[in-house]
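Sequences are here, hints too, so could you generate the full structure?
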Amino acid sequence: MRIVVDLNRCQGYAQCVPLAPTVLKLNGEEALMYDPNPDDSLRQQVLRAAASCPVQAIIVDRLDEKGEKA
Amino acid sequence: MKTEALVADLVTEFKTHGRIVIVGASLAGLRAAEALRDEGFNGSLTIIGDEKHEPYDRPPLSKQVLKGWVRADHTLLPRTRKVDAEWRLGVAATGLDRKAKHVRLANGDQIPFDRLLIATGVRSRPWFNQKEAALEGLFTLRTSDDAGRLQAALAAKPGRVLIIGAGFIGSEMASVCRELGLAVTVAERAEAPLVGALGGVIGDIAAEMQRDHGVDLRTGVSVEALEGDAKGHVRRARLSDGTTLDVDVVMASLGSIRNTEWLEGAGLASGFWGVACDAGCRAFDIHGIVTDSIFVAGDIARAPHVLYDYQFLVLEHWDNAVFGGKVAAHNMVSLEPDRRPHLPLPAFWSGQFGVNIKGVGVGPFGDEIVITQGSVKDRRFAAAYGRKGRIVAAVTFNHGKWLEYYGAMIERSAPFPPPPPGYDQAGDMKPIPARFPDPRTPTGFPDVVLTGHDPTDRGAEYRPKKR
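Chains A and B supply the protein sequences, listed in that same order.
Take any residue in the first sequence, count from 1 to its spot, add 2: that is its number in the working numbering.
Take any residue in the second sequence, count from 1 to its spot, add 825: that is its number in the working numbering.
Hint data in this document are derived by calculation from the structure and do not stem from the laboratory.
Built from N, CA and C at the ideal position, the CB exists for glycine as well.
Warning: the hint list may mix true and false statements.
Listed next, with one range per pair, are the computed distances between beta-carbon atoms [to be verified]: (1) P23(A) x Y1135(B): 45 to 53 Å; (2) L1160(B) x L28(A): 42 to 50 Å; (3) L28(A) x G1039(B): 19 to 27 Å; (4) P1242(B) x Q58(A): 29 to 37 Å; (5) D1192(B) x A16(A): 30 to 38 Å; (6) P23(A) x A980(B): 22 to 30 Å; (7) K877(B) x Y15(A): 31 to 39 Å.
Far from chain B, some chain A residues (derived; all Cβ distances over 12 Å) [what the hints assert, rightly or not]: (8) V19; (9) P20; (10) L21; (11) S43; (12) Q46; (13) Q47; (14) R50; (15) A53; (16) S54.
Given below as structure tokens:
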């Protein structure tokens, strides 16, 4: 799956981190680091993490879009 | 048929059967394509990109990827919707014929368009000496392929890494090297890192951060020559202060060059500074007349900004690509009364040495700075930039939650120095010179001359100099 975090919008609340700890991490106090293309098996975790973001900075691809190859 | 009905028909016809070509298959191009479909454009859509990869995100390349956590080919951008486009990837656009309305590709193909979006962005500036540039172990970083090669070189545990240029990318790379436990030297021509974007006051703080983390930071020096071993692998660097360094990996982070060469001869206001466009993303032609069918977005777009005396600004920022692409798309399928302006409050971020650096506004537009909140010593603070009594930018180090507060002041053209914030006030709120390099230092000479004597002949002509 694919995600991107809008790091302009991200405020470092880090509520997402415990919900998908292998995908979203803090580097220091407030800089978020993430895996942009985590394994599909993590989709539920990542969706919950995205939903938990108070500023909705985590953008997740739409599952039904997966078929479209460039 | 009444004119209005005719025009309405034209719009419907264009949305149904029109042909749109997007040159540039990265963030701006992708988000524009998605927005075009969201806007109800059902005509043919072609996306041209010189890299073979589908659109991917670049900011992780200098961080997660170099560190070895994320694979270089694993930063593909999520799609927000199906774009149903014809993708021409791995082939560069080499020319634009505005009369015939087609884009020429490197393989000789010609792609016709009714409306065109230019989103070709920038590339990294190569090492200036061509012979030295061919040395093994010398890298630049812009593409995912670059990042893959560089990551492999760092994973091989080189003896010493030399980073030339301490802008954001160079500083982020230095941070990753230290996280990987590698010996790293940073050579910066200016007095400190990040001086071009944030000025010398913040640059001094960035320099301390680098040194505290074990970076061998050398400022006020340039690298004059690179030398290789018998196998053609870089092994030594000669600096302008007479010292030499034994190095195994060299990363040249010398800024960017805008990808405008393919537009030469097209008669657009393009060149060294990017492609000039209005605030609605419509390209200007070489005379400064706005075009109707050519639009610009992303790192290459250069538009007048209301907050900054209507100066033409290029904003090489992530969200400028996203929002610029969306506004360009909207205006490509809209008529005059419905057109929207792209008036971003510039915003950027950088993660380095465990500190989250974020900024809003245009720092170099200002000449003074004041630390407003927090503590520089703790590397957790906010600072505001001002010009002529007005706040024009702000930067935070591990203090990002407050950035919006400053952003709102910048948008309102609030006074500088700003009123002391009611929370976490910094000790000394006295403005001092921000110490930006002198913008009057010439960096290039114009390529455009005025020709023609009679008013009907009068026009501008592009005469590129050999570079």
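Which of the stated hints cannot be reconciled with the structure, identified by number in ascending sequence? none
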